[in-house]
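Line order of the protein sequences matches chains A and B.
Position one of the first sequence corresponds to residue 0 (numbering that gives the first Met the number 0), numbered consecutively onward.
Position one of the second sequence corresponds to residue 0 (numbering that gives the first Met the number 0), numbered consecutively onward.
Treat the hints with caution; some may be incorrect.
Which copy is meant is left open, because identical chains are indistinguishable; a pair holds if it fits in one copy or across any two.
Claimed, not checked - Here are the simulated DSSO-like pairs of lysine-lysine, each with C-alpha atoms no more than 27 Å apart in a straight line:
1) Lys182 with Lys93
2) Lys182 with Lys115
3) Lys115 with Lys69
4) Lys21 with Lys182
5) Lys261 with Lys309
6) Lys261 with Lys302
7) Lys182 with Lys302
8) Lys182 with Lys65
9) Lys65 with Lys114
10) Lys256 with Lys154
11) Lys294 with Lys309
12) Lys21 with Lys159
13) Lys59 with Lys77
14) Lys154 with Lys77
15) Lys21 with Lys114
16) Lys256 with Lys182
17) Lys140 with Lys302
18) Lys93 with Lys21
19) Lys154 with Lys302
It should be emphasised that the hints constitute simulated quantities derived from the structure, not laboratory data.
If you're wondering where the values come from, they're calculated on a predicted model, not measured in any experiment.
2 protein chains.
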Amino acid sequence: MQNSILTVGSMAFDSVQTPAGKAEQVLGGSVNYFSVAASFFSPVQIVAVVGEDFPDSHLKWLETRKINTKGVQKAPGKTFHWVGSYDQNLNEAKTLSTFLNVFEHFNPTLTDEQKKASYLFLGNIDPVLQTRVLEQNTSHKLVAMDSMNFWITGKPTELKQTLKQIDVLSINEGEAYLLSGQKNIVRAAQTIRDMGPSVLIIKRGEFGAALFTDTGTFLAPAYPTATVVDPTGAGDSFAGAFFGYIASHGFDRTTAKSHPEKWDHELRNAVLHGCVMASFTVEDFSLHRLMRLEKAEFDLRFKTMTQMIKV
Amino acid sequence: MQNSILTVGSMAFDSVQTPAGKAEQVLGGSVNYFSVAASFFSPVQIVAVVGEDFPDSHLKWLETRKINTKGVQKAPGKTFHWVGSYDQNLNEAKTLSTFLNVFEHFNPTLTDEQKKASYLFLGNIDPVLQTRVLEQNTSHKLVAMDSMNFWITGKPTELKQTLKQIDVLSINEGEAYLLSGQKNIVRAAQTIRDMGPSVLIIKRGEFGAALFTDTGTFLAPAYPTATVVDPTGAGDSFAGAFFGYIASHGFDRTTAKSHPEKWDHELRNAVLHGCVMASFTVEDFSLHRLMRLEKAEFDLRFKTMTQMIKV
Chain A
0 MQNSILTVGS MAFDSVQTPA GKAEQVLGGS VNYFSVAASF FSPVQIVAVV
50 GEDFPDSHLK WLETRKINTK GVQKAPGKTF HWVGSYDQNL NEAKTLSTFL
100 NVFEHFNPTL TDEQKKASYL FLGNIDPVLQ TRVLEQNTSH KLVAMDSMNF
150 WITGKPTELK QTLKQIDVLS INEGEAYLLS GQKNIVRAAQ TIRDMGPSVL
200 IIKRGEFGAA LFTDTGTFLA PAYPTATVVD PTGAGDSFAG AFFGYIASHG
250 FDRTTAKSHP EKWDHELRNA VLHGCVMASF TVEDFSLHRL MRLEKAEFDL
300 RFKTMTQMIK V
Chain B
0 MQNSILTVGS MAFDSVQTPA GKAEQVLGGS VNYFSVAASF FSPVQIVAVV
50 GEDFPDSHLK WLETRKINTK GVQKAPGKTF HWVGSYDQNL NEAKTLSTFL
100 NVFEHFNPTL TDEQKKASYL FLGNIDPVLQ TRVLEQNTSH KLVAMDSMNF
150 WITGKPTELK QTLKQIDVLS INEGEAYLLS GQKNIVRAAQ TIRDMGPSVL
200 IIKRGEFGAA LFTDTGTFLA PAYPTATVVD PTGAGDSFAG AFFGYIASHG
250 FDRTTAKSHP EKWDHELRNA VLHGCVMASF TVEDFSLHRL MRLEKAEFDL
300 RFKTMTQMIK V
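The following block holds chain A by itself, in its conformation from the complex (with noise of 0.2 Å):
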């Protein structure tokens, strides 16, 4: 399809604490949020691999969404495991275990359609598994990812070559420090999209985030929301609003460098997009929130949203 998402990242059983509470082996992983979130705007197709542990009746949820789950291999074991917690500073999850059985012979294969995605979105998994995956998928009109700490400092020479081959990074500021050996946000974005990407996303949390593009920087603010219950999946569900919202109006790297205005017009408002969609995400445990979240409520919020930075 024309304006088809293909991801690939994790689906995972998550068992969390928070200062809110505690949920034990609920539903999450990078590509389950990105994809529900992404799916509000634009069809998804799935790349992943789950247990044998894993319910069939969530990816049959997900089909209702148009989420194509074709792509999702299921294989002799468990579904990768996190087990982490979140203290008073809700910003930063403590990663107390891991457990990747499944995922660690992960081995991506597209199918035909996918290969034919337009719209590429790298999660965060290892950067040599998400160079395999762009290089199958020839037809790729825009091309986003995400990477995190462990894959920085693990694997910093491969993430650098997929970096190179991308238009769109979606980071975490912590991890821009890192990424760029910089302390201060605007030098880190400079050292980093000198090394690839012309679009940088940087996610601060509670706090927004903060886009760089040839055109300028825009500051978005978080969505202010009363209840705060658990912020795993915040990021994934803000990249996935922002490129579901993308890949919805058809831009690609093409038009995007023959109207650099249009360009960072549409970028600003996907941003605004991902922050709203990540504000709902954190108001429950695992998709609980986004698995009920109307459209119309989204709307009613962006509309808000945007008289919030309105002067």
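Based on the hints, put chain B in the right spot on chain A.
Chain B in isolation, oriented as in the chain A frame:
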């Protein structure tokens, strides 16, 4: 004067260490930062106390900026001295020592001219002294104030008494949580506005500021400067530009009530002026950057700032 600001606060020497370097016994104090920032927009009168060691040359320099220093008492002894440091997390100052010196017996007494000032800004001092200034200034059309952890925990009853009599409160995010007993910015804002001030500004360091009024919420990012040398005085110069801007337009609590939308628009612009001013302050130690700041330079950065938040 019609739009003259009267402010009370500390004049100090600061000794400060940051990742960028070190400054010994340099000019500081909330009233210094506030009044220099405010004087870009409105005339300012100061109530403060200094010791015999305070340089007359500095008071003379303030006078060249239309800052009336007649209310600065010179007392026997030494000027208030703050010793602090910042680690990589530039948002949080660590106080190493505080020498109150002449500040210990400070009893603010207003001149006749000061009693007639229309705009009153109560800098971060003992709430008992803040009230004393407030009661002497009988003609105020708008009162704003700042406070801090020390008074929130040390003199909560007196502070709450002062809060009932003011229009605008400007405090840091951590202080807002401490004052409200809430852990969330939306809830904290509701609780604090119920204590008295109809306008609340929560300052968030490098993440900007949030404004809460009867009309709604405004979220402003900090201006991202590439050069951060010393965050000392950022909050005070934010408040100075904010309040100076408001005073220059003649808004008061009566017009605010009768024109809530205009008032809200005015406040949003004032907050942005505060953010831009603070971004200059942090570019050097002490008041050095503000002292060499040209209005045209400010205006240019303000214009860039408005482009950075526009969708």
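*Checking Lys154 and Lys302: alpha-carbon separation at most 27 Å within a copy, between copies, both or neither?*
neither (41 Å within a copy, 41 Å between copies)
*Is it within, between, both or neither when you check Lys256 against Lys182 at 27 Å Cα-Cα?*
neither (30 Å within a copy, 44 Å between copies)
*Is it within, between, both or neither when you check Lys115 against Lys69 at 27 Å Cα-Cα?*
within (14 Å within a copy, 76 Å between copies)
*Within a copy, between copies, both or neither: where do Lys182 and Lys65 come within 27 Å Cα-Cα?*
neither (41 Å within a copy, 38 Å between copies)
*Is it within a copy, between copies, both, or neither that the alpha carbon of Lys154 lies no farther than 27 Å from that of Lys77?*
For Lys154 and Lys77, the Cα distance is within 27 Å only inside one copy (26 Å; across copies 57 Å).
*Go through the copies and call it for Lys182 and Lys302: within, between, both or neither, with a Cα cutoff of 27 Å.*
Answer is between: at 26 Å across copies they meet the 27 Å cutoff, but 34 Å inside does not.
*Is the C-alpha distance from Lys140 to Lys302 at most 27 Å within one copy, between copies, in both cases, or in neither?*
neither (30 Å within a copy, 34 Å between copies)
*For the identical chains here, do Lys21 and Lys159 meet the 27 Å Cα criterion within one copy, between copies, both, or neither?*
neither (37 Å within a copy, 36 Å between copies)
*Up to 27 Å CA-CA - Lys182 versus Lys21, copy category*: between (34 Å within a copy, 18 Å between copies)
*From the Cα coordinates, with 27 Å as the cut-off, is the pair Lys256 and Lys154 best called within, between, both, or neither?*
neither (31 Å within a copy, 59 Å between copies)
_At most 27 Å between alpha carbons: which applies to Lys294 and Lys309, within, between, both or neither?_
So Lys294 and Lys309 pass the 27 Å test inside a copy (23 Å) and across (24 Å) alike.
*Go through the copies and call it for Lys65 and Lys114: within, between, both or neither, with a Cα cutoff of 27 Å.*
within (18 Å within a copy, 69 Å between copies)
In this structure, the hints that do not hold are numbers 2, 8, 10, 12, 15, 16, 17 and 19, in rising order.
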